[in-house]
Structures are given as structure tokens and as C-alpha cells.
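K.L.:
Start from chain A and add chain B according to the hints.
So the protein lines, in turn, are chains A and B.
When we follow the working numbering, the leftmost residue of the first sequence carries the number 1, and every step to the right adds one.
When we follow the working numbering, the leftmost residue of the second sequence carries the number 115, and every step to the right adds one.
Hints are computed from structural coordinates only; laboratory data are not their basis.
Check each hint, because a few of them may be wrong.
What the hints assert, rightly or not - For lysine to aspartate or glutamate, the following EDC-like pairs were computed, each having C-alpha atoms within a straight-line distance of at most 20 Å: (1) B/K156 / A/E44; (2) B/K182 / B/E117; (3) B/K182 / A/E101; (4) B/K220 / A/E44; (5) A/K102 / A/E44; (6) A/K102 / B/E131; (7) B/K220 / A/E85; (8) B/K115 / A/E44; (9) A/K57 / A/E44; (10) B/K156 / A/D24; (11) B/K220 / B/D198; (12) A/K57 / A/D24; (13) A/K102 / B/E129; (14) B/K115 / A/D56.
Said to hold, decoys possible - Stretch-level coverage of chain B by chain A, calculated; a stretch enters the list once three of its residues show a Cβ under 8 Å from a Cβ in chain A: (15) 151 to 164; (16) 216 to 223.
Think of the CB as a built atom: it goes at the ideal place given N, C-alpha and C, for glycine as much as any other residue.
The primary structure of each chain is shown beneath.
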Amino acid sequence: GAGVSQSPSNKVTEKGKDVELRCDPISGHTALYWYRQSLGQGLEFLIYFQGNSAPDKSGLPSDRFSAERTGGSVSTLTIQRTQQEDSAVYLCASSLRTGGEKLFFGSGTQLSVL
Amino acid sequence: KQEVTQIPAALSVPEGENLVLNCSFTDSAIYNLQWFRQDPGKGLTSLLLIQSSQREQTSGRLNASLDKSSGRSTLYIAASQPGDSATYLCAVRSNSNSGYALNFGKGTSLLVTP
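Bound-form chain A, shown alone:
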């Protein structure tokens, strides 16, 4: 596609429910990142995928968070048993490969946990 696509753009859920956020990177980009942006905070790194290599999960805040990337393209970020502190904008980005390349970001998913 022309850019990084994320869905849904907004998600409202109840505390304790599971949610899935989707990211469709730019075609041909092998590197994919998930970030979280909380109100008044900087962007927080969550997870990184590069091709078929094992993902870098060092930024995931708890074991309720997981992500997968199927076929080296679309990625899904799953949050289980959501908590109110999970409310944030979840941003996905992709780049041609890791290293010195520019990152291209999607518009994000605004998650609100009630």
C-alpha cells in the first residue's frame, strides 16, 4: 500500500477484555515496530520484527502483551485482560530494513479501556 495502515483507528473496550490491533506495513518493508504513546509521555518502544528473525520483545510492559507477524507482513498486537493504564495510542512503523533508514508510521490506534 501507499503507507502504513493500522486498524481500528479507535477502540473502546472494558477492563479485562482482550483486544487485537492490526498493522499493515508498507509493501517490501522488512522491519516493523510497535510503539505506545501515552498522554503527556514520549513514545515507548514495545516490539520489533525484522524479516524472519526472532522479534525483539524487550519493550513489552507485561506478559499480557504479545505480538506476531505473519508471513513477514501484517502484524497483530494483542493485549489480554486490558487494564485502564493500557489506554494509549498504539503506533506501528515500518522501514526497508533495520539500520539507518527512515521509519514510516501509521496513524495509530487510540485504545480506551473503561
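P.N.:
Using the frame of chain A, we list chain B on its own:
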């Protein structure tokens, strides 16, 4: 851990003024530094990418400089326009074993008034 600080947090200028946004980072062992723009409700757009071996990058009315040894970068915007109003984010990629993640500052919110 790499800490990225942006000053000022907010800035308001009249149209036509030249302005400088500041970014500082604590660990000078960086791979590259990027400046991004974020419009309300939108994702991030990469403006300029400076590799660690470079001193500056220019794009149109934007000029970004990098002084790695002092841990500083500046984004210079010439002849500001109301359309430049946005939040500007600085992000650093470090030379670490898990150097995939960008460390972001909290941003400078810029308002250019007509």
C-alpha cells in the same frame, strides 16, 4: 539507558520568524538521529535523518544539525508558516546490542500564528 530531552516543551511564534528546536541525549554512542513531525490525531512523519557520521541535513526550510560529542541536535525552521504548527519529536537510535529501538523525546509543541 539513553535519555532524550527536548526544550522547549511548547513554543508560539508569529508567522515568518525563524526558530530553533533543541534536542539533547545522554549517551553519545548513537547510530543516527531523526526529527519527526506529528499532527494531532495522526502518526509521525519523518522530516530529517542524520547519520552519526554527519553534521547536518537540510530539506527545504528545515535544517537539522548534530553534535554527537556534546549530545545535542537542533532543528532550525526558516520563515515559519502556520502550516508548520505541530509537535516535533526527536528520536535517537543508539549503538547498543538491542539498538533497534528509537528513544524519543517528549516533543516540542509548535504554534505558528498568522
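K.L.:
Compare the structure with the hints numbered earlier in the document and write down the numbers of the violated ones, lowest to highest.
P.N.:
6, 13
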